[in-house]
Amino acid sequence: MSEAGRPEDGSHGCEGDAAERKLREYVAEQLRREIAEKVETELEIAEGDRHAIVTDATAAGREEIEYTVGRLVRDARRKRLRSARRRRKQAARAEEIIRHSLVIRLQHGFLASSVLLLILTGIPIKFHETWFGDVVAALSLVDAMRVLHRVAAAVLTAVALFHVFWIVFAREGWSNFVELLPRGRDFTDVWGALKVFFGRSRRMPQYGRFNFVEKFDYWAVYWGVVIMVGTGLLMTFNTYFMNRLGPYSMHVAKVIHSDEALLASLALLIWHFYWAHFNPAKFPINMAMFTGRVSIEEMIHEHPAELAERIRRGEVPREALLKHPEWLALHPGNEAGPEGRNGVAAPEGRGAAPEDGGAAAGRREVPS
Amino acid sequence: LGAVAVAAALAQLLPRSAARAQPEPIQIRPRCYDCHLNPNPPAGTERGPYVDFSRFKRSTHGGHRCESCHRAVVDLPHARDLPPVECRDCHRLDNTAGAPELPSYREYERSVHGRLAVAGDPKAPRCQDCHGDHDILRPTDPESHVNRFVLAETCGKCHRESAARYRMSSHAKAIEKGYPEAPVCSDCHGEHLILAPEESESSISRAQIVTTCATCHEDITRMKLFGIDPTMVEAYRESYHGVASKFGSAATATCVDCHGHHDVLGPEDPKSTVHPANVPATCGRAGCHEGAGPGFARGRVHVSVHATTHTTDFPEGRDRTFAKVIRIVELAFIALTTSVLFSMILYMAFDLFYRWVRLRGKWARYVAVVTVPLGVTFWAVIRVAQVFVEKLRS
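Respectively, the protein sequence lines represent chains U and R.
At position 364 of the first sequence (counting the first as 1) the number is 364 in the numbering used here, and the numbers step up by one without a gap.
At position 85 of the second sequence (counting the first as 1) the number is 85 in the numbering used here, and the numbers step up by one without a gap.
Careful: at least some of the hints might be erroneous.
[As the list claims (entries may be wrong)] Partial selection, computed: residues in chain U whose CB lies under 7 Å from chain R:
1. Ile125
2. Phe127
3. Trp131
4. Ser140
5. Phe187
6. Asp189
7. Asn243
8. Arg244
9. Leu263
FYI, nobody ran anything at the bench for these hints, they're computed from the structure.
Note that the structure is predicted; figures quoted are calculated from it, not measured.
The C-beta atom is built at its ideal place from N, Cα and C for all residues, glycine as well.
Please put together the full structure from these sequences, using the hints given.
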């Protein structure tokens with residue numbers, strides 16, 4: 001293909017006829033447009049086809065055309081990939097439900113950032129004999145740390161107060177709080193999970209909105225915040241409290257504050273991070289608390305009873321369940337008429353539900 | 001400083017070589033005590049300052065001749081104004097013969113006293129101002145100027161106010177009673193390397209004062225002599241004040257901020273800053289706990305969590321009960337933390353094991369993806385921090 005181009009290439013330097021060059025550019029432009037059209041319509045251009053076009057072209061325009069064709073093909077490929085990714089994402093979106101509302105996510109965000117800052121500025125004070133303390137002393141960070149610790153503590157206190165008001169006055173807050181109250185089922189669930197771990201049972205407990213791990217996390221934070229904010233206030237307003245309670249109050253407050261801080265930090269960094277991010281199903285990061293979205297797949301594995309409840313209340317769109325016919329059966333949808341969306345699940349749905357999840361879901365959702 | 005020292009050394013070499021050039025010593029000429037002891041000096045001379053030769057004979061330098069130190073005297077009668085005696089001529093680090101090789105001279109040159117002397121301040125103290133001139137004795141000798149029991153008088157020749165305040169302190173009272181364990185000036189300020197409190201190297205600076213006080217107040221046997229609780233220093237170090245001062249906070253209280261320094265007194269003395277009646281005023285100083293009331297004196301400030309685990313009888317009474325209560329609170333938390341974490345880790349291990357059974361082939365990948373990078377990251381962070389700290393320390 002290059003024999004045609006070579007001699008002209010050689011004579012290119014000494015020629016320099018303006019009219020000829022203009023003609024070549026015109027031809028090249030025409031070719032480019034033609035190829036672009038082809039690429040746009042067929043999205044791909046056969047390798048031989050491309051070479052034929054290029055061979056026909058004049059030598060001056062060849063490289064340029066090769067380059068243009070390559071770029072067009074690359075762009076088309078990239079565009080295709082992008083749209084495929086978007087489609088996949090949309091498909092995934094369709095199979096997700098919003099498990100954490102914006103209010104919950106914001107509360108969690110403020111709580112998490114303030115607690116992480118408190119740990120960062122507090123733990124070096126507890127371990128002042130170790131190298132943490134040396135770093136703080138060497139960088140003379142102590143005054144900045146004292147300010148940051150108080151700012152973070154103020155944020156934490158504000159979130160805690162908001163949370164209490166939210167529980168008491170918001171319907172969503174109250175219903176979530178009721179779900180978080182410990183029940184007898186949580187203890188049998190621990191036993192059930194242990195039985196599965198040791199091969200005595202094949203079915204994991206069918207957790208509801210919150211399983212016992214999440215309930216434990218919530219009440220640990222609840223107790224932790226009460227203790228930490230209480231002792232922290234005692235030490236922040238030390239003059240006021242020492243005038244009334246004497247110096248002993250400060251000693252006790254300091255011991256409790258520092259020991260509870262260690263307990264809370266370890267529980268957070270080991271236990272909570274394991275369940276949230278570091279366990280094999282979630283590693284490396286679980287975005288549920290940032291986006292609020294949880295896939296139906298995860299819901300089936302982790303909160304089947306909550307999913308059943310949501311289906312019963314008609315919060316889950318039909319499309320989300322298409323890949324899980326056994327769950328679709330719990331949700332008669334359009335065939336059952338308009339009352340199906342928010343009505344009680346059909347009795348045959350219960351029968352069709354498999355052992356995994358369906359039975360427990362059925363147990364919870366059918367009130368009769 | 002080095003250049004000055006070299007110049008001084010050169011200046012002293014000159015008269016010495018001059019003395020060597022004249023092999024005939026001053027022995028046969030009029031003796032020193034002709035003028036410095038005899039009220040009627042021989043004709044042609046005048047009466048010099050009185051020197052107690054018998055006392056000089058008893059001093060550590062009693063075996064030396066006058067011209068060993070008074071090197072400027074090469075001929076008698078000598079000139080009226082002689083340069084002061086330089087102890088450094090003999091007491092220097094590289095002197096292989098004779099006088100003890102002492103680093104004290106170097107330390108003195110770095111001290112506030114030595115720096116003033118090098119700068120040429122005529123009021124700056126030289127060796128002989130503290131150690132005495134003709135009556136130099138070992139510090140263990142009761143007649144020495146630098147003996148523990150008289151040191152306050154020696155320092156008080158210049159530092160009158162500080163010495164007067166020190167004499168009111170419980171430290172001075174113990175010295176008066178004859179306890180050599182009680183501190184004198186040099187125990188806190190240093191002997192030759194005396195620095196201003198503003199200098200961070202100084203033993204009485206904010207950064208060092210706790211360590212300085214702790215040398216005695218943490219010593220169980222020494223504190224038993226005086227009936228003082230040795231666990232109080234540890235309690236301070238664990239306290240909010242102690243940690244903040246360790247971290248270099250300028251706002252927090254060190255020992256001397258509450259207890260005073262030269263005129264420090266025990267809490268049982270009504271004049272003490274930490275006597276219950278004075279505690280509100282002491283704690284309530286501007287910038288500290290403004291608005292402090294008598295509630296601040298209701299209970300002891302220095303109670304160590306570990307106080308009752310020590311082998312001392314301190315603290316006593318109500319404080320001991322309280323220290324036990326704190327210890328129980330802490331032990332309860334330790335028990336809670338360990339049991340909770342143990343159960344958590346156990347349950348997590350069960351969960352991981354369960355997932356391992358189901359993951360099968362993916363398990364190795366999980367271990368590789370989770371444990372290795374996390375472990376390496378943690379190790380690297382810790383290592384970098386340690387190296388950083390070591391660099392900062394050196």
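Checked hints:
At a threshold of 7 Å, the smallest CB-CB gap from Ile125 of chain U to chain R is about 6 Å, leaving the interface hint in force. Against a cut-off of 7 Å between C-beta atoms, the interface hint on Phe127 of chain U is violated, since the closest Cβ of chain R lies about 10 Å away. With its C-beta approaching chain R no nearer than about 5 Å, Trp131 of chain U sits inside the 7 Å limit, and its interface hint holds. Taken as an interface hint, Ser140 of chain U checks out: its beta carbon lies about 5 Å from the nearest beta carbon of chain R, inside 7 Å.
At about 14 Å, the closest approach between the beta carbon of Phe187 of chain U and any beta carbon in chain R exceeds 7 Å, and the interface hint on this residue is violated. Contact between Asp189 of chain U and chain R, as hinted, is not supported at the beta carbon level, the nearest pair being about 12 Å apart and thus beyond 7 Å. Restraint check, Asn243 of chain U versus chain R: the minimum CB separation of about 4 Å is within 7 Å; hint holds. Hint status for Arg244 of chain U relative to chain R: holds, with the closest Cβ pair at about 6 Å, below 7 Å.
The restraint placing Leu263 of chain U at the interface with chain R holds, with a minimum CB-CB distance near 4 Å, inside the 7 Å limit.
Of the numbered hints listed earlier, those contradicted by the structure are 2, 5 and 6.
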